[in-house]
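Asker: Construct the complete structure from the given sequences, taking the supplied hints into account.
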Amino acid sequence: MSADDKALAELYTIAERACAFAKKLGADQAEAQVQSGSELSVEIRLGEPELVHEASSKALGLRIFRDKRSALTYTSDFRPDALERFVRESVDLARLSEPDELNTLPPVEVLARQFPELELWDEATLSTTAAEAIDWAVRGERAARAFSDKITNSDGASYSRSAGAGVLVSTDGFRGGSRGTYQSLVVKPIADDADGKKRNGYWWTGDRWKDRLDAPEAVGEEAARRTLAKLGAEKIETGELPIVFDPDAGRAIVRLLFGVISGGAIYRKSSYLLDREGTEVASPLVTIVDDPLIKRAPGSRPFDGDGLPSRRNVVVDGGVLKTYMLDTYSARKLGRVSNGCAGRSVGGSPHVTTSNFILQAGTRKPAEIIGEVKRGLYVTDMMGFGFNAVTGDFSRGASGFLIEDGKLGRPVTEVTISANLDDILKRIDALGDDLDLRTSTAVPTMRVSRMMVAGK
Amino acid sequence: MSSEPLRAPFAPGGPTEIDAAIARRLLEEALARGGDRADLYFEWRAGADYVWEDHKVKTVGRGVTLGLGVRVLRGDATGYAYTEELTTEAMLQTARTASQIAAAGKSPAPVDIRAITVPSFYPVQVPSIETVPEEKLALLRRADAAAHAYDPRIAKVTVTFAEELKEILIVTSDGKLVRDRQPLMRFGVSAIAESNGKRQGGSSGGGGRLGMDYFETHTPEAHGREAARVATAMLDAVEAPAGTMEVVLAPGDSGILLHEAVGHGLEADFNRKQTSNYSGRVGQRVASELVTVIDDGTLSSTRGAINTDDEGNEGRRNVLIENGILVDYLHDELSAKHFTRGPSGNGRRQSFRHNPLPRMTNTLMGTGATDPGEIIASVKRGVYAKRFSGGQVNISNGDFVFSLTESYLIEDGKLTAPLKGVNLIGNGPDVLTKVSMVGNDFQLSDGIWTCGKDGQSVPVGVGTPTVKIAAITVGGTKA
Chain A
0 MSADDKALAE LYTIAERACA FAKKLGADQA EAQVQSGSEL SVEIRLGEPE LVHEASSKAL
60 GLRIFRDKRS ALTYTSDFRP DALERFVRES VDLARLSEPD ELNTLPPVEV LARQFPELEL
120 WDEATLSTTA AEAIDWAVRG ERAARAFSDK ITNSDGASYS RSAGAGVLVS TDGFRGGSRG
180 TYQSLVVKPI ADDADGKKRN GYWWTGDRWK DRLDAPEAVG EEAARRTLAK LGAEKIETGE
240 LPIVFDPDAG RAIVRLLFGV ISGGAIYRKS SYLLDREGTE VASPLVTIVD DPLIKRAPGS
300 RPFDGDGLPS RRNVVVDGGV LKTYMLDTYS ARKLGRVSNG CAGRSVGGSP HVTTSNFILQ
360 AGTRKPAEII GEVKRGLYVT DMMGFGFNAV TGDFSRGASG FLIEDGKLGR PVTEVTISAN
420 LDDILKRIDA LGDDLDLRTS TAVPTMRVSR MMVAGK
Chain B
0 MSSEPLRAPF APGGPTEIDA AIARRLLEEA LARGGDRADL YFEWRAGADY VWEDHKVKTV
60 GRGVTLGLGV RVLRGDATGY AYTEELTTEA MLQTARTASQ IAAAGKSPAP VDIRAITVPS
120 FYPVQVPSIE TVPEEKLALL RRADAAAHAY DPRIAKVTVT FAEELKEILI VTSDGKLVRD
180 RQPLMRFGVS AIAESNGKRQ GGSSGGGGRL GMDYFETHTP EAHGREAARV ATAMLDAVEA
240 PAGTMEVVLA PGDSGILLHE AVGHGLEADF NRKQTSNYSG RVGQRVASEL VTVIDDGTLS
300 STRGAINTDD EGNEGRRNVL IENGILVDYL HDELSAKHFT RGPSGNGRRQ SFRHNPLPRM
360 TNTLMGTGAT DPGEIIASVK RGVYAKRFSG GQVNISNGDF VFSLTESYLI EDGKLTAPLK
420 GVNLIGNGPD VLTKVSMVGN DFQLSDGIWT CGKDGQSVPV GVGTPTVKIA AITVGGTKA
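Taken in order, these protein sequences are the chains called A and B. Position 67 (the first sequence) corresponds to 66 in numbering that gives the first Met the number 0; numbering is contiguous. Position 38 (the second sequence) corresponds to 37 in numbering that gives the first Met the number 0; numbering is contiguous.
Listed next, with one range per pair, are the computed distances between beta-carbon atoms:
| # | chain 1 | residue 1 | chain 2 | residue 2 | range |
| --- | --- | --- | --- | --- | --- |
| 1 | A | G317 | B | Q92 | 53 to 59 Å |
| 2 | B | L414 | A | W208 | 55 to 61 Å |
| 3 | A | G238 | B | D411 | 24 to 30 Å |
These are computed hints drawn from the structure, not numbers from a lab. For glycine and all other residues, C-beta sits at the position ideal for the given N, C-alpha and C.
Answerer: Here is the structure:
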């Protein structure tokens, strides 16, 4: 028995009992997901603790299938009599939905039987005490405030760690579990600008493995640099400009693409990329993979939310959309088979999610990408929800820096950038070599040849 | 499913009843290592949801959560822990974990715990979750039929109904014991229209702290038709303009502008920390004299109403800006203490897993005197904003955005072409000084909005009359 199996034994017992009981009460199929987790988060500000938050939790989600009807339920009440009542009510609840031939567990032969070791669990995570977490945050903030006397205030610094374990068990014989850890430090300095405005920035480090975090001092200094760079920010004139997205801002664009190629969006017709498989959806520079098998990466998982084996999917290859991302249900709705993209949260149905969703690096240095722009906008932050998945129309608030004669110039704020996502992706004309996998959606520096910037 | 009344297990007579004696023991444990104050937040929540898709009931879900959050306060610092297990040992352990914030020191002397009766701003006879589910399935079907019947170009309809009943018990070390039952329901329709290769979406929804009687005044058919109307109207949408121009906000949901432009900036945690643009500005002019902003947790049966906030203080109506002058912030207990004033009833939290923060309830702009037709007629070229998908603000620099899902071009005082989805961006303190006309047609939004802050979501409401902003940046694609 592996260390994981030992740690998961209690969760397996709960899940197996719930499934067996549901079957006994008349369910045709049942699937139980049990998750437990513990978290510690601290916030400090101006050197003093503001919040120490610590707890652990556990929840059971159950999916019941009976006469082609289904129910989804969850509980956190594990008292034996309460649990029994919960399963009984769940089985009964299924009668309310209407028969749906497609909504059943995946066929047994496609289920995962072996699980890769992905190194998602770091024992050192849980040993971090509140005092140590406070110390990390204090050091980060101190470095930011010491960086310049123009850093006049602080929105604080926070350190959090979490550890989670989960199992998925079905009456069809699926039995899988995994556990993982994560920790992060965020530092948020503030500087006073002219005319009473305040400028804020932040920087962070985070990883599944504690020894891969950046030093708190380095995080604090970078946070201070980013904050100071925003002093004097103002609107610019309205007009069409080339846009360079830094990797943090560019992620949001690529996330939008995921939203319109997920099987759920396709069968709901809530996507501008309906009937576009096999066609060009982005510039030839663009290759995007979804890869759950990268060791130690934030989005890795040993099996998907339907219990299918994890697999690497090339989603966009040289600008061509190779495949929609499918879970079992959306695949059936579209007359296809799943490509293992299901995710899952307790009490919810499986649904399509990304694992590590990566826009592959290009070959250019970010400085070169900026250097070729005579006048443009370098975007570091975006705000708002301005995206229509059905049409692809995109319009969001942005801030960053003006690019003038190939160099980053004065800071810019309070503008919007707009274009249709289909055009944005096709207008990508340079990708940086600066890809970094610290987030589960990852992109390098990316340049879009033109978008409308609305300002003055 | 039973349709008898649902009760929290910690309620009087429940299997894990919490009385004053148990609460007192837990509070003593929480303050055993020092600290200024402590409180207990017991929460039981039963939720259900129904999803209609492709002409049938696709999923029916149900769930229950139960837990206790314990908070210990020392100066501006908070120790917080929670448990989902209401055994004496687990609760005492949780109190001890929360107490780690307190360095050894003195704690307040225990006081008598007395039950406080809260007002009744949502007198629901029967929470919807206690009524038979079949009734709700029928609502989904009716909305779907109405949306399809509205126009043959409607290709897809999804209908959702979500309901919950939350029961909370708050006990504080200064002796308050407060109970509340908080029903909440939300109905929503989204429709997709298809025509000649073009597709567009529309949605409509509402609800509040109401029972099934909501549907007597807001029928599922009305929501179905409205979603279909927006989707079909947007099929003809044209590119929106880009640049700074006049914008007229329709009454109701446009209150989201207030929520973002000024509401968050007046939450007193930001002002305690001096991180908001509105820090230190009470008594100063922060908006045009036409602008009065009120946060009102007492509006009967609304999504944002609260009998008690999540710290045991009564929900209230608070005037934040009066005729352009900043009057007050929104407080939780921490910030109220910092500013040495009483509570404002705005300490809210998502659940027992979260510590309270200053939050909005229903955020409203006071009504004006101008006829709305006159406001639209006054605009030569601008945008009329009617429906929104949401907004966001940067508290420190004051920049905020909100995204329009239904808007129209105004040309020579008349509404003309529908516009594609567009984002507006402004700076809160600046935009509020540019409110140049306020209508006499105040409307409250139907109950759909949820506000997120520090990873915590709480239900809120907004409301406003027709409002003209003399200049704000419209993020279209057409120069």
